[in-house]
Amino acid sequence: MTESEEKKPAKIVLRELQDRIAQDAWDAKRRGEKVGWCASNFPQEITTAMGIPVVYPENMGAAVGAKGGGQRMCEHAEGMGYSNDLCSYSRINFAYTDLKRCEELEIPFPDFLLCCNNICNCMIKWYENLALALDVPLILIDIPHLDAVTCDADRVKYIRAQFDDCIAQLEAITGKKMDYDRLKEVMDVSQRSSRAWLRAVGYMSAEPSPFSGFDIFNNMAVACVGRGTVEAAEAFEQLADEYEALAKDGKSTFKGEEKYRILFEGIACWSNLKFTYKTLQSRGINLTASIYGPAFSFLYGSLDELMAAYSYVPNSNCFERELQLRVDDAIRNKVDGAIFHMNRSCKHWSGNLYEMERQFREKTGVPTVAFDGDQSDPRCFSEAQYETRIDALVELMEENKRKEGGA
Amino acid sequence: MSTIRELLDELQRVSGNPRAQLDAALEQGKKAVGVLPYFCPEELVYAAGMRPFGLWGAEMQANESKRYYPAFICSLLHTALELGLRGALNGLSAIMVPICCDSLKGFGANWKYGVGETIPVIDVAWAENRKIAAGAEFTRSQFRKVLGRLEEIAGRRVSDADITAAVAVYNENRKALRAFSAAAAKHPETVSPADRCAAIKAGYFMDRAEHTKKIASLTEALNALPEQPWKGLRVVTTGILADSPALLQILADNHIAIAGDQIAQESAFFRTETPVTADPVLGMAQRLGLVEGCSVLFDPGKQRGRELVQMAKDAKADGILWVMTKFCDPEEYDYVPVKRMADAAGIPLLAVEVDQQMVNYEQARSAVEAFAEVLRSD
Amino acid sequence: MAEALTLGIDVGSTTSKCVILRDGTELLASSLIPAGTGTSGPGRALAAALEEAGVQRGQLAAVTATGYGRNSFDGADFVVSELSCHAAGAAALMPGVRTVVDIGGQDAKVLHVNPAGKLERFLMNDKCAAGTGRFLEVMARVLELDVSELAEMDEKATGNVTISSTCTVFAESEVISQLAKNVDLHDLVAGIHASVAVRAAGLMRRLGITEPVGMTGGVARNAGVVRALEKELGVCIAVSPLSQLAGAYGAAVYGWNKTRRDPN
Chain A
8 MTESEEKKPA KIVLRELQDR IAQDAWDAKR RGEKVGWCAS NFPQEITTAM GIPVVYPENM
68 GAAVGAKGGG QRMCEHAEGM GYSNDLCSYS RINFAYTDLK RCEELEIPFP DFLLCCNNIC
128 NCMIKWYENL ALALDVPLIL IDIPHLDAVT CDADRVKYIR AQFDDCIAQL EAITGKKMDY
188 DRLKEVMDVS QRSSRAWLRA VGYMSAEPSP FSGFDIFNNM AVACVGRGTV EAAEAFEQLA
248 DEYEALAKDG KSTFKGEEKY RILFEGIACW SNLKFTYKTL QSRGINLTAS IYGPAFSFLY
308 GSLDELMAAY SYVPNSNCFE RELQLRVDDA IRNKVDGAIF HMNRSCKHWS GNLYEMERQF
368 REKTGVPTVA FDGDQSDPRC FSEAQYETRI DALVELMEEN KRKEGGA
Chain B
41 MSTIRELLDE LQRVSGNPRA QLDAALEQGK KAVGVLPYFC PEELVYAAGM RPFGLWGAEM
101 QANESKRYYP AFICSLLHTA LELGLRGALN GLSAIMVPIC CDSLKGFGAN WKYGVGETIP
161 VIDVAWAENR KIAAGAEFTR SQFRKVLGRL EEIAGRRVSD ADITAAVAVY NENRKALRAF
221 SAAAAKHPET VSPADRCAAI KAGYFMDRAE HTKKIASLTE ALNALPEQPW KGLRVVTTGI
281 LADSPALLQI LADNHIAIAG DQIAQESAFF RTETPVTADP VLGMAQRLGL VEGCSVLFDP
341 GKQRGRELVQ MAKDAKADGI LWVMTKFCDP EEYDYVPVKR MADAAGIPLL AVEVDQQMVN
401 YEQARSAVEA FAEVLRSD
Chain C
26 MAEALTLGID VGSTTSKCVI LRDGTELLAS SLIPAGTGTS GPGRALAAAL EEAGVQRGQL
86 AAVTATGYGR NSFDGADFVV SELSCHAAGA AALMPGVRTV VDIGGQDAKV LHVNPAGKLE
146 RFLMNDKCAA GTGRFLEVMA RVLELDVSEL AEMDEKATGN VTISSTCTVF AESEVISQLA
206 KNVDLHDLVA GIHASVAVRA AGLMRRLGIT EPVGMTGGVA RNAGVVRALE KELGVCIAVS
266 PLSQLAGAYG AAVYGWNKTR RDPN
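Chains as they are written, first to last, in the working numbering: chain A, 8 to 414; chain B, 41 to 418; chain C, 26 to 289.
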């Protein structure tokens, strides 16, 4: 690349990288290589180091939701007998498994399944059903919910045993062997990516934030599927540099004036992304704090620390640790308010949300509102409800600003 | 016959008023520890000289609990939390809370901030990868951790001998319940669905060894009865809870007998014994690797479905009744493949939704009646 | 043999319906009272049907009760679930029908009927008002229409308004938002009908659809919903003028079959 060539913005680099990773999986499948379906927070170090292509059904669920196919696919799954109470990512995936096509996005069918329940136990039930329906082997790395602030030695030992067992099973399934030097390399690159990602999202603390916070939802896809690659590390470093430059000049990619800064708690409403975003943006509200910052940065040194890192996935830990993450983030990033998404699909995230909202409010002193929505099922979201609640939040934040101004 | 009826009535009284059992234990100077489903190591509570007290929610409206849990969480947890919030479980020294489903994962914090630290939470983790040695080892380590908490609460050391003895008590109880289930299946004219449920459920509230005695007497008396032809229908049940009085009455009204069950509250407890091992806690951990047919235990081959179909065939049941706990994700995921297995085997299956907050069971009544009509015409 | 008169009464939550048949096939009388279980409705429905047929209760060979309030109806010779009765009623009114969808005031059911007209399998809806007659009542009220006017409104629809929510409360606010945007009322009604159709179709797909398909229950009188359901599923849906009485009709047929076999 010559100096006169314009460098693509990091956002584009990341999108193209995401597309390339998806295409690689298709190409591998067509070459006759074994491809897997993988849980979003499964230790990707294993598959990256072994050069085993995997794709992520949860990401497909998000993408299909965002492209407007959520309702159709969920309805098909319900026609198969799946309750509409179940996670919409899984319903979309069950529909895809049955229909074998999806106009919004398709992923190659798997030769094996890699499941990890650090984000929730529904993953286990979902993948059990897939194993049966697709008649492929299922490898589970069980990461038990952490009831304490730190991951103890017994847990690390158990996770490590499954990690090693997984490698052995994958070697047998794919014929590829694990090179532990390569694994060390991948671990180092993953650290580089994680740090770069953290640095990038860290710029949200600048006033104004140099970017529209909803961009996290798009950019994080690569943090999920590609953080073990040098390309991803470089792309995140570029992203962080871009944000740094904008922040230095007090500029931002956020459209309009950043009047209010909020923490957005929960998964994005993929099926209603434009509306949920526009409602905020048109009122000058920018997302400047989200758990998805730390969520995709797994920081560790040794292999044992890697095991522990995967048990620190947000929502996999005790309430106090989870709350502190949000509070620290909100205070560091100077939010004026917070929006809590009560996601109908996710009992795990919703189970303590009311108490978390209360204690968050107490500890930060900022006003909060909650709204009902869903990650990929648009039928569980009401535009009128969302707008009303955001307007109420604005009134509260405005009132606070007035008071501060007057003092 | 009167002995049987007296025993059944007594067990009905026990399971109909768990609080009375808790009070009786407390009056005896015993401490009690609440046990939330499923598979918590309650033998350890017993070994520590305390009363394990089953927490299965209750038939009631939950209002306070909705400050903590959203409406789309199952009633078992809503009502269990509600009981705590209302002070109805005061007297318990602690509660054991497992983490085997997403809704349970939030229970500990909701209890802690809602009910408070007077009844502290003991988190119970175990290995879902339950068939590998590392899994059993992890479960063993977690159960040992729980034991440490129980020793603090009981104010005494618990030896391996104490645990081995407790395991023996529980295995005896399980054996007795298996024999009872078989005897009850032979005498539906004497043991109604509600009787059967109460007899099993009572064990969660009263002293286990005492429960074994009652169950054994009951079984002996039932087996002495001459077998009578049953003109009604026979089903096997599956699900988490099948203890709704309204539903059990609907079954009785329609002359539907329970020939066997794959219910978490019922045979999931008694169909598998704890292996006797040198380290008794390891045996308890290994038991989790042996239990099949429960939706909260990792089941990649969907053994649950195969076992259910086999149970129905062995019991010569007319059909399967899935008592579907509303908002239960594990059950809802299992429903599709297991139903397919039942269909492939030609066994009629009816799913009826239950909810402990539900007052009106008319829809369930219509569904059960129609199911019975269909089964009878076959 | 003397002709046998049998009566079927369907005591619902909001309506009571009665049918008298001669020899299990000839319709002698019918009644529909907009008052259900626990009211004077059942008694009045019974009286009205007897009067129309010009017979006394004692002349009936059998009285069969079905519906939500069947167990509290006095003096029934037989009590049968509304699922079996709707199956029998649909089989009699729409001969050859294999899949029956019944959208009532409070719930929705899908029935599989075998070639002999007997109930084989069934599925009932979730405990939710969305997709039932109650949903249509709520929406009609928001639009300041009578439920009976909905089908006509739908006929003049030209555009597409989607009401997507699964929750009646959310759907209500969706409808209100659409009204605020001054969307065409005809299109809005069509959207509401489509919403009911999508719910019913979902239930039907879960059980599986074998043609021919027929519809029973009060909502069958709403041609807009029937059309929307046909469009959603891509199948023809048969409707009888007596669809709302299918439960009572089936109950009367049931009584006829029972007395024919055992005239005592």
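The hints are simulated quantities; they were obtained by calculation from the structure and are not laboratory data.
Possibly wrong hints are sitting among the right ones.
Stated by the list, open to error - The calculated DSSO-like cross-link candidates involving lysine-lysine, where the alpha carbons are at most 30 Å apart (straight line), are:
| id | chain 1 | residue 1 | chain 2 | residue 2 |
| --- | --- | --- | --- | --- |
| 1 | C | LYS206 | A | LYS262 |
| 2 | A | LYS258 | A | LYS281 |
| 3 | A | LYS74 | C | LYS206 |
| 4 | C | LYS256 | B | LYS353 |
| 5 | A | LYS285 | A | LYS341 |
| 6 | B | LYS185 | A | LYS164 |
| 7 | B | LYS379 | C | LYS143 |
| 8 | A | LYS41 | B | LYS185 |
| 9 | C | LYS283 | B | LYS271 |
| 10 | B | LYS379 | A | LYS107 |
| 11 | A | LYS15 | A | LYS41 |
| 12 | B | LYS106 | A | LYS370 |
| 13 | B | LYS171 | A | LYS164 |
| 14 | C | LYS256 | A | LYS74 |
| 15 | B | LYS379 | B | LYS356 |
| 16 | A | LYS370 | B | LYS379 |
| 17 | C | LYS283 | A | LYS266 |
| 18 | B | LYS171 | A | LYS184 |
| 19 | C | LYS206 | A | LYS281 |
| 20 | A | LYS41 | A | LYS14 |
| 21 | B | LYS271 | B | LYS379 |
| 22 | A | LYS285 | C | LYS206 |
| 23 | C | LYS143 | B | LYS271 |
- Query: Okay, which hints does this one fail, numbers in order?
  - Reply: Hint check: 4, 8, 11, 16, 17 and 20 fail, others pass.
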